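Trainee: Now for the letters of each chain:
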Amino acid sequence: GDSVTQMEGPVTLSEEAFLTINCTYTATGYPSLFWYVQYPGEGLQLLLKATKADDKGSNKGFEATYRKETTSFHLEKGSVQVSDSAVYFCALSGNNNDMRFGAGTRLTVKP
Amino acid sequence: DVKVTQSSRYLVKRTGEKVFLECVQDMDHENMFWYRQDPGLGLRLIYFSYDVKMKEKGDIPEGYSVSREKKERFSLILESASTNQTSMYLCASSKTTGTANQPQHFGDGTRLSIL
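Each protein sequence line maps, in turn, to chains F and S. At position 88 of the first sequence (counting the first as 1) the number is 88 in our numbering, and the numbers step up by one without a gap. At position 29 of the second sequence (counting the first as 1) the number is 29 in our numbering, and the numbers step up by one without a gap.
Please note that a few of the clues may not be correct.
Derived BS3-like pairs: lysine-lysine, alpha-carbon spacing no greater than 30 Å straight-line [said to hold, decoys possible]:
| no. | chain 1 | residue 1 | chain 2 | residue 2 |
| --- | --- | --- | --- | --- |
| 1 | S | Lys13 | S | Lys55 |
| 2 | S | Lys13 | F | Lys52 |
| 3 | S | Lys13 | F | Lys60 |
| 4 | F | Lys60 | S | Lys95 |
| 5 | S | Lys57 | F | Lys52 |
In case anyone wonders, no lab produced these hints; they're calculated from the structure. Remember, predicted model here, so these are calculated numbers, not experimental data.
Please model the complete structure; the sequences and the hints are all you need to start from.
Mentor: This is the structure:
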């Protein structure tokens, strides 16, 4: 079945460092891909999405490109801030509208 | 903005009790979902519903049931709570469209402890 594998954490960076969180997927057909963020004590919030190959999703300085040839959707940000500290989830939605999530990657940004 | 409201942020119950977790969404979404979130395991789907009075099992339905009597409300029921059901429970909703899959919108979660 459909599945998502994302980079294990935790990840600790200094402020203004470059961030990459790797995500690869296995799916039949043409899924939509998402990144969600979960701040402490809260539910998941949609960060960005891409619905077809070569689409780039972006929001709040984060970007991810839907790469069909490598079945990847890596999350990147050029300069992280302390406020970006959170857990990040990669997810895909296939033919049935249900969603498959990765295990989550905890990011801590130190001043 | 879509609002998904879970009735409790924190809940403590005893082994063997029947537990109800309530979720309400205000955007007329057709689809509703219940997940549990455990460290290192991500989100696991318990049950979902695509319409009123309709329910489908997810990946880990054992020990749980659900009810969807109205479109905006989706309840998760722990028939006889056990300690291994201590977890964070997340409710989500999404809209059905004919094109690309829509994102799910989440509530803030209920942290349930079974003693």
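Trainee: Could you tell me which of the numbered hints above are not met by this structure, giving the numbers in increasing order?
Mentor: Hint check: 2 and 3 fail, others pass.
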